[in-house]
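Q: Using the sequences plus the hints, can you model the full thing?
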Amino acid sequence: MKTKDYLKDLRTLAPEELNAKLVEAKKELFNLRFQNATNQLDNTGRIKEVRKDIARIQTVMTETASK
Numbered sequence: 702m703k704t705k706d707y708l709k710d711l712r713t714l715a716p717e718e719l720n721a722k723l724v725e726a727k728k729e730l731f732n733l734r735f736q737n738a739t740n741q742l743d744n745t746g747r748i749k750e751v752r753k754d755i756a757r758i759q760t761v762m763t764e765t766a767s768k
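Under the numbering used here, think of the first position of the sequence shown as 702, with each following residue one higher.
Derived from the structure by calculation, the hints contain no laboratory data.
Don't take every hint at face value.
[To be verified] Here are the simulated lysine-lysine pairs, BS3-like style, with alpha carbons at most 27 Å apart: (1) 722 with 703; (2) 703 with 753; (3) 727 with 768; (4) 727 with 705; (5) 722 with 705; (6) 753 with 728; (7) 709 with 753; (8) 705 with 768; (9) 705 with 728; (10) 709 with 727; (11) 722 with 768; (12) 722 with 749; (13) 728 with 749; (14) 753 with 727; (15) 749 with 709; (16) 753 with 722; (17) 703 with 728; (18) 705 with 749; (19) 768 with 753; (20) 709 with 722; (21) 768 with 703; (22) 768 with 709; (23) 703 with 727; (24) 727 with 749; (25) 749 with 703; (26) 753 with 705; (27) 709 with 728.
A: Here's what the structure looks like:
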């Protein structure tokens, strides 16, 4: 399953790399929202995927911080 593999990959990353991925995902979400507002976005489901990816990254960051 894709999400399990993605989580395994996230858990192997260093905190700095997780932070970089989070910033990148937030930028992508901003761009997707902007495209959606201007009716240029074809795949609106991508917004939901990116939001969930951001939540996954933040969850892994919290897990590693509490260790």
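Q: Give a verdict on every hint.
A: Hint check:
1. A threshold of 27 Å between alpha carbons decides the hint, and for residue 722 with residue 703 the separation of about 17 Å falls inside it, so the pair holds.
2. Distance restraint check for residue 703 and residue 753: the Cα-Cα separation of roughly 13 Å lies within the 27 Å cut-off, and the hinted pair is therefore satisfied.
3. Pair hint residue 727 plus residue 768 holds up; C-alpha atoms about 25 Å apart against a cutoff of 27 Å.
4. Distance hint between residue 727 and residue 705 is fulfilled; the C-alpha atoms sit about 21 Å from each other, no more than 27 Å.
5. Restraint check for residue 722 and residue 705: the C-alpha separation of about 17 Å stays at or below 27 Å, so the hint holds.
6. Restraint check for residue 753 and residue 728: satisfied, since their Cα atoms lie roughly 14 Å apart, inside the 27 Å limit.
7. At roughly 15 Å between alpha-carbon atoms, residue 709 and residue 753 fall within 27 Å of each other, so this suggested pair holds.
8. Note on residue 705 and residue 768: the hinted pairing holds, with a Cα-Cα distance of about 21 Å set against a maximum of 27 Å.
9. For the hint pairing residue 705 with residue 728, the CA-to-CA distance comes to about 24 Å; that is within 27 Å, so the pair holds.
10. Using a Cα cut-off of 27 Å, the hinted pair residue 709 and residue 727 holds, with the two alpha carbons roughly 21 Å apart.
11. Our distance criterion of 27 Å between C-alpha atoms is met by residue 722 and residue 768, whose separation comes to about 20 Å.
12. Distance hint between residue 722 and residue 749 is fulfilled; the C-alpha atoms sit about 17 Å from each other, no more than 27 Å.
13. For the suggested pair residue 728 and residue 749, the alpha carbons sit about 14 Å apart, so the restraint of at most 27 Å is met.
14. Straight-line distance between C-alpha atoms of residue 753 and residue 727 comes to about 11 Å, which keeps the hinted pair within the 27 Å bound.
15. Under the criterion of a C-alpha separation no larger than 27 Å, the hint pairing residue 749 with residue 709 is consistent with the structure, at around 21 Å.
16. Taking the CA atoms of residue 753 and residue 722, the gap is about 13 Å. The hint holds against a cut of 27 Å.
17. Restraint check for residue 703 and residue 728: satisfied, since their Cα atoms lie roughly 22 Å apart, inside the 27 Å limit.
18. The hinted pair formed by residue 705 and residue 749 meets the criterion: a straight-line CA distance of about 17 Å does not exceed 27 Å.
19. The suggested pairing of residue 768 with residue 753 holds, with an alpha-carbon distance near 23 Å, which does not exceed 27 Å.
20. Only pairs whose Cα atoms come within 27 Å are accepted, and residue 709 paired with residue 722 is accepted, the gap being roughly 14 Å.
21. For the hint linking residue 768 to residue 703, the alpha-carbon distance of about 25 Å falls within 27 Å, and the restraint holds.
22. Between residue 768 and residue 709 the alpha-carbon distance is near 17 Å, which keeps this suggested pair within the 27 Å criterion.
23. At most 27 Å may separate the alpha-carbon atoms for a hinted pair to count; residue 703 and residue 727 meet this at roughly 20 Å.
24. In summary, the hint linking residue 727 to residue 749 is supported, as the alpha carbons are separated by about 12 Å, within the 27 Å threshold.
25. In summary, the hint linking residue 749 to residue 703 is supported, as the alpha carbons are separated by about 15 Å, within the 27 Å threshold.
26. For the given pair, residue 753 sits about 13 Å from residue 705 by alpha-carbon distance, which is consistent with the 27 Å threshold.
27. Proximity of residue 709 to residue 728 is assessed by CA-CA distance (about 23 Å); at most 27 Å being required, the pair is judged to hold.
When held up to the earlier numbered hints, the structure conflicts with none and fits them all.
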